[in-house]
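Enquirer: If you want the building blocks of each chain, they are given just below.
Protein chains: 2
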Amino acid sequence: MSIEAQNPSQTDLERLPLDIARIHELAESLLPVYEQIEANRPLEEHKLNTCLVELIGLLRELHPADVATVLESLPQKERMLVWHLAAPEEDGEVLLEVSDAVRETLIETMDKEELLAAVEDLDADELAELADDLPNQVVYEALKTRDEEERAQVQAAMSYEDDQVGALMDFELVSIRADVSCEVVLRYLRRFEQLPDHTDKIFVVDDHEVLQGVLPIRKLLVADPEERVENVMATEVVRFRPEDDAEEAAQAFERYDLVTAPVVDENKKLIGRVTIDEMVDVIREESEADMLNMAGLQEEEDLFAPVLDSVKNRWMWLAINLCTAFIASRVIGAFEGSIAKIVALAALMPIVAGIGGNSGNQTITMIVRAMATGQLSGNQARRLLKKEVAVALVNGVIWGSVMGLVSWLLYDSPGIGLVMVAAMTLNLLLAATVGVLIPVAMEKAGRDPALGSSVLITAVTDSGGFLIFLGLATIFLL
Amino acid sequence: MSIEAQNPSQTDLERLPLDIARIHELAESLLPVYEQIEANRPLEEHKLNTCLVELIGLLRELHPADVATVLESLPQKERMLVWHLAAPEEDGEVLLEVSDAVRETLIETMDKEELLAAVEDLDADELAELADDLPNQVVYEALKTRDEEERAQVQAAMSYEDDQVGALMDFELVSIRADVSCEVVLRYLRRFEQLPDHTDKIFVVDDHEVLQGVLPIRKLLVADPEERVENVMATEVVRFRPEDDAEEAAQAFERYDLVTAPVVDENKKLIGRVTIDEMVDVIREESEADMLNMAGLQEEEDLFAPVLDSVKNRWMWLAINLCTAFIASRVIGAFEGSIAKIVALAALMPIVAGIGGNSGNQTITMIVRAMATGQLSGNQARRLLKKEVAVALVNGVIWGSVMGLVSWLLYDSPGIGLVMVAAMTLNLLLAATVGVLIPVAMEKAGRDPALGSSVLITAVTDSGGFLIFLGLATIFLL
Numbered sequence: 111m112s113i114e115a116q117n118p119s120q121t122d123l124e125r126l127p128l129d130i131a132r133i134h135e136l137a138e139s140l141l142p143v144y145e146q147i148e149a150n151r152p153l154e155e156h157k158l159n160t161c162l163v164e165l166i167g168l169l170r171e172l173h174p175a176d177v178a179t180v181l182e183s184l185p186q187k188e189r190m191l192v193w194h195l196a197a198p199e200e201d202g203e204v205l206l207e208v209s210d211a212v213r214e215t216l217i218e219t220m221d222k223e224e225l226l227a228a229v230e231d232l233d234a235d236e237l238a239e240l241a242d243d244l245p246n247q248v249v250y251e252a253l254k255t256r257d258e259e260e261r262a263q264v265q266a267a268m269s270y271e272d273d274q275v276g277a278l279m280d281f282e283l284v285s286i287r288a289d290v291s292c293e294v295v296l297r298y299l300r301r302f303e304q305l306p307d308h309t310d311k312i313f314v315v316d317d318h319e320v321l322q323g324v325l326p327i328r329k330l331l332v333a334d335p336e337e338r339v340e341n342v343m344a345t346e347v348v349r350f351r352p353e354d355d356a357e358e359a360a361q362a363f364e365r366y367d368l369v370t371a372p373v374v375d376e377n378k379k380l381i382g383r384v385t386i387d388e389m390v391d392v393i394r395e396e397s398e399a400d401m402l403n404m405a406g407l408q409e410e411e412d413l414f415a416p417v418l419d420s421v422k423n424r425w426m427w428l429a430i431n432l433c434t435a436f437i438a439s440r441v442i443g444a445f446e447g448s449i450a451k452i453v454a455l456a457a458l459m460p461i462v463a464g465i466g467g468n469s470g471n472q473t474i475t476m477i478v479r480a481m482a483t484g485q486l487s488g489n490q491a492r493r494l495l496k497k498e499v500a501v502a503l504v505n506g507v508i509w510g511s512v513m514g515l516v517s518w519l520l521y522d523s524p525g526i527g528l529v530m531v532a533a534m535t536l537n538l539l540l541a542a543t544v545g546v547l548i549p550v551a552m553e554k555a556g557r558d559p560a561l562g563s564s565v566l567i568t569a570v571t572d573s574g575g576f577l578i579f580l581g582l583a584t585i586f587l588l
Numbered sequence: 111m112s113i114e115a116q117n118p119s120q121t122d123l124e125r126l127p128l129d130i131a132r133i134h135e136l137a138e139s140l141l142p143v144y145e146q147i148e149a150n151r152p153l154e155e156h157k158l159n160t161c162l163v164e165l166i167g168l169l170r171e172l173h174p175a176d177v178a179t180v181l182e183s184l185p186q187k188e189r190m191l192v193w194h195l196a197a198p199e200e201d202g203e204v205l206l207e208v209s210d211a212v213r214e215t216l217i218e219t220m221d222k223e224e225l226l227a228a229v230e231d232l233d234a235d236e237l238a239e240l241a242d243d244l245p246n247q248v249v250y251e252a253l254k255t256r257d258e259e260e261r262a263q264v265q266a267a268m269s270y271e272d273d274q275v276g277a278l279m280d281f282e283l284v285s286i287r288a289d290v291s292c293e294v295v296l297r298y299l300r301r302f303e304q305l306p307d308h309t310d311k312i313f314v315v316d317d318h319e320v321l322q323g324v325l326p327i328r329k330l331l332v333a334d335p336e337e338r339v340e341n342v343m344a345t346e347v348v349r350f351r352p353e354d355d356a357e358e359a360a361q362a363f364e365r366y367d368l369v370t371a372p373v374v375d376e377n378k379k380l381i382g383r384v385t386i387d388e389m390v391d392v393i394r395e396e397s398e399a400d401m402l403n404m405a406g407l408q409e410e411e412d413l414f415a416p417v418l419d420s421v422k423n424r425w426m427w428l429a430i431n432l433c434t435a436f437i438a439s440r441v442i443g444a445f446e447g448s449i450a451k452i453v454a455l456a457a458l459m460p461i462v463a464g465i466g467g468n469s470g471n472q473t474i475t476m477i478v479r480a481m482a483t484g485q486l487s488g489n490q491a492r493r494l495l496k497k498e499v500a501v502a503l504v505n506g507v508i509w510g511s512v513m514g515l516v517s518w519l520l521y522d523s524p525g526i527g528l529v530m531v532a533a534m535t536l537n538l539l540l541a542a543t544v545g546v547l548i549p550v551a552m553e554k555a556g557r558d559p560a561l562g563s564s565v566l567i568t569a570v571t572d573s574g575g576f577l578i579f580l581g582l583a584t585i586f587l588l
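Chains A and B, in that order, give the protein sequences.
Position 146 of the first sequence, counting from 1, maps to 256 under our numbering, and the rest follow consecutively.
Position 136 of the second sequence, counting from 1, maps to 246 under our numbering, and the rest follow consecutively.
Because the hints were derived from the structure by calculation, they are not lab data.
None of the values given here were measured: they were computed from a predicted structure.
Don't take each hint at face value.
What the hints assert, rightly or not - Computed, partial: chain B to chain A, Cβ under 8 Å:
no.	residue
1	S183
2	P198
3	Q304
4	L413
5	N431
6	C433
7	A450
8	G484
9	D572
As the list claims (entries may be wrong) - Residues from chain B that face chain A, not an exhaustive set, calculated with beta carbons under 10 Å:
no.	residue
10	R300
11	P335
12	A405
13	W425
14	A463
15	E498
Backbone N, C-alpha and C fix where the C-beta goes; we use that ideal spot for every residue, glycine too.
Given only the sequences and the hints, what does the whole structure look like? Please build it.
Expert: This is the structure:
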């Protein structure tokens with residue numbers, strides 16, 4: 111990709127990483143004179159001055175979204191330096207683009223005037239998005255400069271949860287009546303300074319702002335100018351309510367290839383619209399949240415967060431993991447007598463637990479994914495369980511036999527080999543069963559099936575694996 | 111969301127799952143007469159006939175993307191029944207929407223005539239997308255019905271890898287010259303039957319089809335009709351090359367909020383365009399692939415795949431896991447003498463290994479994610495390593511002390527407690543180091559850092575944890 115780069119033979123997909131790397135270098139070399147730069151005092155050394163000019167030039171050329179990426183990729187100190195040098199008129203846009211964790215660190219460094227200047231040019235929905243992270247005084251003063259309608263919009267947007275359509279909608283509506291001709295619409299549009307981003311359709315409403323349909327620009331452009339809007343507009347409209355779940359709305363955008371969609375209230379009155387760029391963010395964040403949660407991170411983390419912030423973000427899952435590991439340890443403790451007699455058991459038991467955990471994670475990941483994309487409803491659980499159990503049985507017999515044979519040869523004991531086959535098969539069956547039941551139960555209970563599923567399944571297959579293996583060994587080998 | 115549902119009080123976000131559930135019920139009840147339905151023989155039983163009529167009606171109402179979701183959510187037998195009953199004129203669209211695994215099962219049931227009918231109305235890029243899964247004879251005959259230009263487009267699209275922009279571009283280009291007036295453009299557009307999906311900009315080219323700029327529809331609509339295109343068009347254009355990486359292109363779409371973008375060849379000649387709907391699929395698949403790979407699944411799996419297909423999809427990671435578990439087992443085996451003397455070691459060692467694995471997975475997931483979004487470049491690895499080591503040290507001292515105390519009390523041995531503190535801290539430090547180094551090394555080697563990272567880190571922290579704990583115990587406690 112390229113944004114018509116200066117060097118036309120180099121595409122921009124290649125240029126951005128190079129720019130970022132160069133900014134890193136420059137920021138690092140300017141770090142020693144950070145305080146002078148912050149105080150806007152001139153730099154004496156010529157070489158540093160050249161660096162400073164180059165850095166400012168690079169930053170001014172970057173799109174706000176790219177500045178956001180640069181800030182996210184920098185350690186705290188360099189980040190502050192670059193933030194200080196970035197174009198202040200883009201501050202608001204950049205704040206909207208950075209991750210929540212980094213946004214906090216940036217806002218902390220700004221005083222009230224800077225913040226007010228940054229949010230001055232933002233739309234109502236954008237101001238609402240930042241409002242939670244801004245000091246109350248700033249929000250209050252920023253609202254004072256807006257008119258009544260915009261204040262109401264900010265408040266409306268702020269009244270919805272982050273995962274609701276209402277928090278993501280904007281208010282840049284272009285709407286027309288159904289009884290005018292396409293020619294009139296075209297003339298009406300020409301009176302705008304510019305049309306809102308992503309405008310791919312115009313909303314058709316009646317006298318009470320009730321949504322009647324939409325007029326896709328694609329149709330407007332090819333329609334006979336004399337034709338009335340009501341004969342050209344689409345009445346089968348995908349529309350949302352502000353209370354709708356943002357993830358489900360994003361899936362609808364994906365499924366029906368939407369670019370924008372109207373948001374209506376309970377009386378079908380048009381109140382806002384959602385655009386694909388917000389939905390893409392939802393899709394990205396949703397998949398990432400699942401991945402982070404499965405790995406035991408509470409939320410997205412600033413790569414260069416202070417150590418204690420990182421510790422806090424991770425301590426909960428570590429603590430839970432420690433508890434489950436302790437339970438597994440007590441299961442082993444109960445069989446210390448057996449281990450004392452056959453020490454080989456201690457060496458073999460992690461294999462049984464490990465394969466159960468791995469296989470259970472495969473099952474649970476597949477099911478969590480199927481649930482996220484709406485492929486799986488509760489009443490298929492029984493059928494899926496049957497299939498997963500069959501897969502586990504095949505894997506158990508194959509891999510159990512392999513490891514059974516290896517154990518037999520290693521410890522010269524057919525008994526240990528047979529216990530190994532049986533324990534591995536049983537633990538795989540346990541993993542398959544629990545791997546289906548945990549996410550199904552979580553979803554029935556109205557909870558996110560991804561949350562902690564990996565830790566839970568590993569807990570079961572660890573303790574279960576030790577119990578099965580040591581139990582069988584105690585019964586048959588002692 | 112709703113597509114103006116029959117029952118206007120019910121929104122469609124709620125309706126689709128209900129429809130799907132009802133289709134499941136109907137398909138199940140019709141299963142006994144599957145053969146009669148397939149042979150298009152009339153059903154004798156009145157009740158079944160009513161079911162059949164309702165099922166066909168429901169399917170005809172659904173969007174092809176929703177039919178795809180229904181098919182993905184059905185077990186094989188019911189899936190075939192529903193596929194047989196779905197509107198044949200939508201077959202091509204549905205095949206494009208379903209996952210690769212399910213697509214194969216559907217194509218298997220269709221004969222040559224059905225397949226040719228299904229792909230008849232598809233665009234060149236869509237035919238190219240399906241071509242890999244279609245029998246050669248079908249592709250050959252489908253191409254015969256196309257004109258020279260379309261055949262060239264299909265072949266061009268098929269010549270790129272799945273993860274390149276070229277495989278995702280389409281050829282529905284609307285292009286104009288720079289020296290005409292906006293009025294002329296509007297008149298030119300009116301001659302189209304309809305404009306391509308997602309048209310948000312018109313491409314401006316010279317006499318040799320070289321891209322000069324783009325004319326956003328938003329600007330065209332508000333421009334003075336007398337104004338020439340060259341004065342209205344944007345020349346800073348985000349454009350791609352067909353060889354560009356699809357993931358990076360998708361990130362550019364996300365960053366710059368694009369709806370469509372031109373694709374040009376090495377001479378800057380316009381050859382195609384990419385649209386946001388394809389990019390959304392890339393974003394979704396990319397995050398999912400990371401998640402599946404980390405859990406040890408090779409690829410997206412049909413939920414109701416035959417047991418042996420599922421076994422095949424999972425066996426590789428299970429085998430790798432088994433190998434690493436075996437190595438860990440041999441590490442323990444080397445300390446059998448120590449365990450025989452202090453059996454408590456066997457019970458405590460999984461705790462040390464477990465916390466290392468959990469913590470290492472947190473680190474590696476965070477880094478893999480940062481790499482996927484371009485936040486992390488190689489030269490920050492050292493700094494990140496320092497931070498992660500510091501986090502590990504804090505966690506090690508806190509949780510190590512907790513478990514050290516518990517072990518001391520449990521086994522009434524301060525020595526075991528101290529070994530526990532030291533081993534946990536050291537294994538956490540190992541996990542942090544390897545958790546940073548594995549993805550950085552993978553990326554330097556040009557490989558996907560997500561692939562197998564979880565299995566690798568667990569292998570290191572398991573074997574490493576056992577070695578550290580049993581080693582320290584052997585030195586200090588025996």
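Enquirer: Hints first: check each against the structure and report whether it holds.
Expert: Hints, one by one, checked against the model:
no.	hint	in the structure
1	S183	5 Å, holds
2	P198	21 Å, violated
3	Q304	6 Å, holds
4	L413	5 Å, holds
5	N431	4 Å, holds
6	C433	10 Å, violated
7	A450	5 Å, holds
8	G484	6 Å, holds
9	D572	7 Å, holds
10	R300	6 Å, holds
11	P335	8 Å, holds
12	A405	4 Å, holds
13	W425	7 Å, holds
14	A463	7 Å, holds
15	E498	8 Å, holds
Hint check: violations occur at hints 2 and 6; the rest are consistent with the structure.
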